[in-house]
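Asker: First to last, the sequence lines map onto chains A and B. Count along the first sequence starting at 1, add 20, and that's the number in the numbering used here. One point on numbering: in the numbering used here, the residue at position 56 of the second sequence is 46, and numbering is uninterrupted.
These are computed hints drawn from the structure, not numbers from a lab. Don't take each hint at face value.
Stated by the list, open to error - Calculated cross-link-like contacts (lysine to any residue; reagent style SDA-like; alpha-carbon spacing at most 25 Å): (1) A:K418 <-> B:A95; (2) A:K65 <-> B:R126; (3) B:K167 <-> A:R184.
What the hints assert, rightly or not - Derived contacts from chain B toward chain A, CB cut-off under 7 Å, selection only: (4) V47; (5) M129; (6) A161; (7) R166.
This structure is a prediction, so every number in the text was calculated from the model and none was measured. Virtual Cβ for every residue (Gly too), placed ideally from N, Cα, C.
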Amino acid sequence: MKRVNAVVVGAGAAGGIVAKELATAGLSVALLERGKWYTANDCRKDDLRNQRVTALGNAFGPEDEGNPRVLVDAKGVPHIVLASEGGYQNDAACVGGGTLSYGAQAWRYMPQDFRMRSTYGAPQGSSLEDWPISYDDLEPYYDKAEYQIGISGDYSGTPFKGPRKRDLPMPPLAPNREFEILWPAAKRLGLHPFHLPMARNTVPYNGRGPCMRCRWCCGFACEVDAKNGSQNTVIPVALATGNCDLRTECMVKEILTDDQGRARGVSYFDANGHLQEQLADIVVVSGCATESARLLLNSKSKLFPAGLGNRYDQVGRHLQGHHYTGAIGYFDFDTYDDVGPGASIAICDYNHGTPGLSGGGMLANEFIRLPIHMIDRLPENTPSWGPGHKKAMRDWHKRTIQVFGPTQQIPTATGRVTVDPAVKDKWGMPVVRLEGNVHPHTFDIGDVQAKRAEAWLKEAGAIHTSLATGRPETVSASQHQAGTCRMGNDPKGSVVNKFCQVHDVDNVFVIDGSVHVTNGGFNPALTIMAVAFYASDALVHNWKGTGFRS
Amino acid sequence: MQSKNKAVALTRRQFVAAGVLGGAALAVGCKSGNQGNWDFLSDGQARTLAAICDQIVPADEFPSASQAGVLTYIDRQLFRHYRRHRDVYREGLEHANELSRKRFAKDLAEATPAQQLEIVSALEKEERPFFDLVRRHTMEGYYGSPRHGGNRDAVSWRMLGLDEPPVRGRAQYDMRKGATS
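Please work from the sequences and hints to get the whole structure.
Answerer: Here it is, written out as structure tokens:
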């Protein structure tokens, strides 16, 4: 393999952006992706095999076979979990990563989300901390992400947001029925509803057409390619420069280091299972919170016996995602209009500022449902099978609204990713081992959020409601996973500096959700993207490597 | 691997009529082979499983689980994605039949609907892992995509009032603006 300036590991939300930013700045880039490159033709609209319902497996990877993980339960007992099982905490493995099949909510975090410790103080036993960068540092890059990826929506209804220089590039979709029902109810409650931001074309943008509002959205590749991820925006731009070489089905084994402790590239298994080396001036790890941590931990050498960047045992700690809670409202009139993407209206009134609670989260109506989503979401006391269940499916499928939100998790140092001492994947590499949990105060916040969702639904006319709270006994990270390679100024309490550069090794960067110190009360994709633009900008600015290509 | 027991597409009325024939309905369109009609299940196991599935999603004005192809779904997946559940099915079905023979001196498939309900209720209490698996797979087969052999003719989606095939392309003409403040 020809030596390159930068090898980027993972072609997801962040990796795609880094590849594009470096390639357009003239660096030669090898972009390695463990999964395949799917297109709109792979939507398949399979209710049982997508990234949200994985009864028959993950549509966009990884496969069940050969990719186990180990989940340690609350009693300390380890279990082997398959990639399509909930405990695996999967994010898709393909070009585009999660952004190929996500619901595509594209949120900016709020200014307080970057200063959680200063705002609330750290609850005892938590590892709540401030980011070393602020909302203002990221604002220009949020803007860049919104325009380059393509975001629609309208924030004008809410005062609860960070300052922004201009509106989103695309207007929101026409309101669906749930929007029309929930809007006046929120206003009556004195709340501030608005059209939530989506990485989805609502008008022609970036050479592709608008959303056709079908039923198969969150969890599926978009049939008409109206959903915007790295696979249909930045990655094609990166390839068009001629400076970026995308290699799919390539699984990186480890980061190679020299005697001086600098990285000299990576070794990886190619699509045929052959071990290859890609030498590079810079290594960028963008594999998502679980897999980026695993790669660092698996990159052991004489100088880094506990894994690269892990001198102070920080890699893999503070694993977090979101604690999803909310309520289901049941109505005596039809609420369902079969118009996707479904999620349309949100409030940010409860993200911050509740006395006694260290945070909160956004609340929004859920994505459009498929019948299979409803089998366990019927009113309380509905039989779980038999004629009563079947009748309840008929009675309620079109007469419910679900309001949920991503409660911001309070991280702990013990909720973490390590590598398992015994279990290996199909390439013979130690697999991710997940243990611990987030701080219990997270669940107190989640309970309050669910009651708020219920109150909104009742005001909207729900005749029954059921609360969805729950106390997960293990960490719940999955698609929103973050935090395992914390960004910080202190090398003893973090893995990367504020430019996403590993403290110990100046030519290795971790750029993805791993660096999030806290994860906001929002879907994290746009923040992952903004951080990727921001870190790439710093990287290019400071680049004094082997020189630029002409 | 195309279904060996693919029934001809039936209307809803025919489905219900077929249901009256009970286990015999399973034989509609079946090709008899030396190893039976299924990829994984034996004919006997299939009859027992049909009795359980049809308690989980019984026939009313819409077809039951087995009438909608749920057995085809489960059988196919026991050959594919659910290979790891084969033992649970083997043992669970055997146990269900034993229970029926002990209480009613006949196989579950031959028992009356009331007796079948009693046995399935007992399984829910005493054989929870097996019951939960069958319940989940039955729901998947009944409410999931028709491509996997269940939800034949998208019957459950029609039951819920969903357009099938879905309407496409209307969205670009919807220019309504929602409230903004």
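Asker: If a hint holds in the structure, say so; if it does not, say that too.
Answerer: Outcome of the hint check:
Note on K418 of chain A and A95 of chain B: the hinted pairing is violated, with a Cα-Cα distance of about 44 Å set against a maximum of 25 Å. Between K65 of chain A and R126 of chain B, the direct Cα distance comes to roughly 20 Å. Compliance with the 25 Å bound is thereby established for this hinted pair. The suggested pairing of K167 of chain B with R184 of chain A holds, with an alpha-carbon distance near 23 Å, which does not exceed 25 Å. Hint on V47 of chain B holds. Least Cβ distance to chain A is approximately 6 Å, under the 7 Å limit.
Interface hint at M129 of chain B: satisfied, since its Cβ lies 5 Å from the closest Cβ of chain A, which is below the 7 Å cut-off. Proximity of A161 of chain B to chain A holds as hinted, the smallest CB-CB distance being about 4 Å (cut-off 7 Å). Evaluation of the R166 of chain B hint against chain A yields a held restraint, the C-beta minimum of about 4 Å falling below 7 Å.
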